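Going down the list, the sequences are from chains A and B. Here this note's numbering is used: the first residue of the first sequence is 34, the next is one more, and so on. Here this note's numbering is used: the first residue of the second sequence is 5, the next is one more, and so on.
Just so you know, these hints were derived from the structure itself, not from any lab. Computed from a prediction, not measured in an experiment: that's the story for all the values here. Among the hints, a few may not be true.
Within a straight-line C-alpha distance of at most 20 Å, the following computed DMTMM-like cross-link-like pairs (lysine to aspartate or glutamate) qualify [as the list claims (entries may be wrong)]: (1) K942/A to E304/B; (2) K167/A to E135/A; (3) K47/B to D505/A; (4) K321/B to E304/B; (5) K59/B to E1068/A.
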Amino acid sequence: MTDTRNRITSLSTSEEYIELHASSAFSFLGGSSQPESLVERALELEMPAIALADRNGIYGSARFHTSAKLNKIRAHIGAEIAVSSFGSRLVPPTWLPNRFPEEPPRIVLLCTSQIGYQNLCQLITRFKMRESTKAEGAATFDDLEEFSAGLICLTGGEEGPLTAALNSGGEEGARKSLDRLVSIYGRQNVFVELQRHFEREEECRNASLIEIASRLDLPLIATNGVRCATQEDRELLDIFTAIRHHTTVHDAGRLLCKNSWRHLCSAREMLSQFRDIPEAIANTRIVSERLEFTLNNLGYEFPHYPVPNGETMDSFLAKRVNEGIRKRYLHTLKRHLLERAQKQSQRELDLIAKLGFAGYFLIVWDIRRYCHQQGFLVQGRGSAANSVVCYALEITAVDPIGMELLFERFLSKSRGEWPDIDLDLPSGDDRESVIQHIYKQYGSLGAAMTANVITYRGRSAAREVGKALGFDEQQLARLSGLVGHWEWRGANDTMDKHFNQAGFDVRHPAVAKYLDLCTRMYDLPRHLGQHSGGMVICAGMLNHIVPIERASMPGRTVVQWDKEDCADLGLIKVDLLGLGMMAAIKDSLDLIPPHYNTQVDLAALPHDDQQVYDTLCKADTVGMFQVESRAQMASLPHNAPRCFYDVVVQVAIIRPGPIVGKMMHPYMRRRQGKEEVSYPHPLLEPVLKRTLGVPLFQEQLLRMAMVVASFTGSEAEELRRAVGMRRSMQRMRDLEGRLRAGMTRNGIGAVEQDNIVQGISSFAMYGFPESHAASFALIAYASAYLKVHYLAAFTCGLLNNQPMGFYTPAVLIKDAQRHGLRVHPICIQRSEGQCSIDHEIDGSQSVRIGLNYAKGLRQSSAAALIKAREDDGSFRSVDDLVRRVPELNRKELALLAQIGALNSLDEVKHRRDALWQVEEAGRPVGPLLRNSPSESDRQSRPLRQMTTDERLAADFAGVGLTCGPHPMSYHRPALHQRDFLTADELTRSDNNSFVRIAGCVIARQRPGTAKGFVFLSLEDETGIANIIITPDLFEHERIVVTRNRFLDIEGRLQIQNGVIHVKAFRILPIEISSAGVHSHDFH
Amino acid sequence: MTKASNPLYAAFYAAEFPAQAILRLRPDLHSKSVAILDGVTPKESVCSLNLHARKRGLALGMTRLEVEELGGIQLFSRSWPTEQSARTVLLECASQFSPRIEETYADNACGFVLDISGTERLFGPPMQIAQSLRTTIITAGFRTSICIGLNFDTTRIKAKSTRGITVIPPDEEARAIADIPVSALQLDEEHYETLALWGIRTLGELAELPEEDLVTRIGQQASLWLRLSRGTADHIFQPIEAAFELKEHIEFETHIDQIDSLLFIGSGMINNLVARANNRALCLASLTVRMSLERSLHYERVIRPALPSNDRKFLLKLLQLEIGAHPPQAAVVSLTLIAEAGQQSKVQLGLFTPQAPEPSRLDVTLARLKALVGSDRVGSPTLLDTHRRDSFTIDPFRVPDQPSPKNEITTRISLRRMRPPHPVRMQIQAEKPAVFHDGGDLYQVQVAYGPWHSSGCWWSVNHWDLEEWDVMAINNHGERVGCLLVHDHLNHLWLLDALYD
């Protein structure tokens, strides 16, 4: 100790104290500063190191480490661990009013070595996973003992076990607790923690602790139990405390901080406070020196793929790739690409071997193989589609050679990052099976989902701060409603402007404080969620690398870091994303062989099917992936796709990025020949030729840099990332300098250089990866192909995977019927659990709606009904149904009768007749009479048959759709007399003519980019009409537009290249049907 | 139209009652669109509206936001007191025609059925009665529909479902209500849905269903529905009873300015109240004393004994102490005593339970104390849940649920607070208090412990930021004192806050 003291005297004052007990906002409502803020504050205070110890986790450690590394401060990693074996933490006595909940005391554990870190991770994982659901959890003495090596234990402040023991058992009690910690961690690893926050009770406890430490000959250590970076952050800390305890700051009382001394103090302040116990300060330095572990030394390894003897992962991968290349490219249509593919694959394999990524590719390949074995559709998306290796391994379906995609966008030598492969899987059970397979394969502690840190945004901050400050609900609703629009408004919109707009006087101190707190709270973590599909896999135990805890979803676990943290620390994730359309396509493919006597291979779809392109050109795309939205439909006739690449462009171009980046209109004009195709420089013609001189894709940016400035692929990728992220101005300036130098070398003039640089800068922000667009285009094309050629199977697939896409099942069915498909309603004698395919007398296919569409019919009842039918044949009467399927309750029977599902029974004349019968048959009967036939008079049929409108209403109420004629068709003769046109007749009308149309509203949109214009989709029996409503008209008729299901609209017809709109002048409600049709509204 | 022995009923119904109750007092709004909102913000919705508002597209259940978007609508919050007084006015109107009145609708509507059997001689034939009733009601500011008939429920249903005046001839009940929707029967949601599914929309359609089959499907209640829809349902008339109110009121011919005189009268009033309460086996839980005073002053005090009591002397003593503690500021013009009835307290005494004084004696003692020191200074201090020093409230005495455990006798230092604290002049040395002056006395600080910081309520004007020091000091008389010094950072003040005993 003396040596250390001597050494410390030679240090500057600021270096004498290291804060070893600091919590960040990642203690989730237990701290109010970002880890980065703590590091920045430590830097200001010239503190050479700082330890982060968040409650029951290391959630913020990755960011803390990254920030500390950047600022050249040593980041010590630790955690506050709740220990239930110590009983309860200190709470005020019962006679003192307080709201303290009972919770276990917390000790601080700091990692001295990698073993210590691994033990900490395992310890946290152990008690978190002991919980059956997502919960805080607490360790026991057994847990501490098992994972004690490599850790230094500080006894904690007022929330620590010694404080609690002093209160309940006096010094003797505290000594016992301390003995227990010493027996677990060893004498040299336990430090009695002293904190001084200028409180009498604390000082009294400190006196006892000093006495006990002296008696047991244990070292003292000073900390400040930091909860925020600066004194000002105490306010936010109090707000968090109120939120955490579901109260307001007015009522939180003693839960709040007693004073503002929970911040990161300077060494000078700490020296002054502990001038009577200098060794407590000196020991911070000693402990800091012992904490050698940093997150640089994580010890993470991606799992090795088991390869046969004599093989390395590289050689094994090369063999699989070569097999794949032959399989893919020996096909007649692709044979000419074989040589190029082999050359490219060799180049990629060399780089993969050099970077040591073979295992990663093999594991993703293995997942893909598992999916194929199980019959799950799987397809890689994103930049992986740039790789011929991925194509050969059948991870992706896009041929990068045939499409001339650029590998460097996916993987480059200079990037120093693992590749990122996203796999699309059918959403639902298939995806869950794959996730569970990975858990099974790598063990529950070898794989986990990445976390998603939910942070405070405008609306949540406004609401929760307002609640904590005790604002009344009306004020809160007004404010948070206002704040809700922040995210899609312009960048110039600020919180104070919105407060002003809402009529709040920001000069009023209370409002000003509220506003200030909202602003400061923005982006602070709120709780931990689960990432939609990112899964981290580890060689060995993942719980040695990062703690794992239960997710809210049963059967799922998450690591304590989000995907950026995982990427920063080199943890590799595989994204398993669910895609409804994949599930629909898979179901369609399964239905085709038994009902069409043919088989469709998704990988071998002909990409030159003119029928498919004709359909796309007509924007007849309801139900198709990515091209069914109103905006897509409006642009399809302009783009008029005639080959697969046109579909790739179509998928990419109707997105906020290209639209905001002003790429869409130039491309469309050139596509229609209204504008001449030109290039910024003749050298760029080969690069931009496919997109008519308009740069659309990120890969084109890379190629442009490679062509004009002779950049390598890696340099070009670096340029793209620099421009796209706009993080480092210096880095961008360097790259621009190199770009210009390269262009000068290639003889490009100054003006052209400016144009090229300008072009690169503007579209880098908005460009879309071509590979990603190509992957999505494959699915879009497949969906179009299936719809055009196998309508029944495709419709069935769509209906069985709802909700998905842009349209409701009712609209999908009406669209299918317009395309000639017969759709039959639910029938107890024919319907399966899901929608199925029936065969008509003429051999054609039709769709039968499944029992799953009957709203309110339990799955178990439906299954029992089907089983009874399969076991003993068709049902003969209502009584027979009731007797054989006792699982059906009265409500379910009434539902089936109401929707006409019982109409096929012999004694049933119509729906109401069925309703009358089920009400009697469904009455509760004792067991003695249950199986005896009813003697009631079946001749009594007092109810009238449903009218057409009643039938429609019953269909929409009970099934959400109708298989009969469209509601509008019943009124058509009358509407014709009143000069209403149908949607189909609009196509044959003159441009700019005055038209009147009526229909059912199936979608309402008011996009943020459309300056208040509203777009309605109006459906009738002949198709869908698109209506444009000006902001003025909308304001005037807001109620009519938003509340009515059927509308009568007068307006001017606008026809441009086959795209038809009606610009509304007048809107009225129209009485068509009382049916509860639903519109898909986007705001 | 009817024989004297036949029952005859007149029903009237005021729709959109929350709106009518407000609008009858605001003729300036009669030509405007008015909607009444009910519910807690921000979930307020329209509960009632006038015809103009309905024409503008407003509907029941719309939220405030939706209504505000429309613009031009006068919005009012629902007022139960206004509705209550409007109901009383309607009741008074009805009571001019019959003493037997039954209320038939509540919540958003107001409706009454009057038993007018045998009133033809007084008011004329049914149509004339209906018109007189309508005139009376219109004069009071309401719009109602009126129906007269032989069947209670038929007239009630018809009045609610049609406008204007209807007189149902004998044996025409079923026909009179045949077109009325089945919702008039106030069925529960499930049965209403069932009938809707069956396509049974009107009472006429319902009346045609076979009773046996219907009872088989719905249950016995269907039988009542059928009788109602056929106009044959029986009804036992339940006239409105006057509310039981314990209230005594007296106005003085000559104004009283002596408390004794007032108590003399008050004593008689208390006797009456106790006797009336006793008749119903009740006690007086509280006694509200109201006086009208000269110069239009108003006086009101509430006496609430610990337990409800019917001890006249005890209640009179409380009244005396209360008036003594808060004497009226002018001569008394009238006196009103309103008692709140409570259940008689019954305490089961154990055989071996020690004798305790009666609770009423404590009440009297407390009342005496309050009269002496003020009511806000009698009770037991309760600490508040806050870090702010010296924070407590005085709460009324309470008998603890459980006896508090016996404290061990320990020696403790007591803190004697100075209220208010003394401002002192302070000299600081080495960041610690060294010397302070309290008035003429000079204190030399010998030992100082601290500082102890405390701050809070940063979100309000009541925020504080204090630094406390525990010091041992010796004054210029050689006396040693232990005291608590406070440095108020916000007001830049040093205060002698307390002394350690």
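Given the hint that K942/A pairs with E304/B, does the C-alpha gap stay at or below 20 Å?
violated, 75 Å
Regarding the pair K59/B and E1068/A, is the alpha-carbon distance no greater than 20 Å?
Holds, at about 18 Å.
Run the distance test for K167/A versus E135/A: straight-line Cα separation, threshold 20 Å.
OK: K167/A and E135/A at ~19 Å, within 20 Å.
With the threshold set at 20 Å, check whether the alpha-carbon distance from K321/B to E304/B stays at or below it.
Satisfied, since the Cα-Cα distance of roughly 17 Å is no more than 20 Å.
Pairwise hint evaluation, D505/A against K47/B, where the allowed Cα distance is 20 Å at most
holds, 13 Å
In terms of the numbered hints stated before, the structure departs from hint 1 and from no other.
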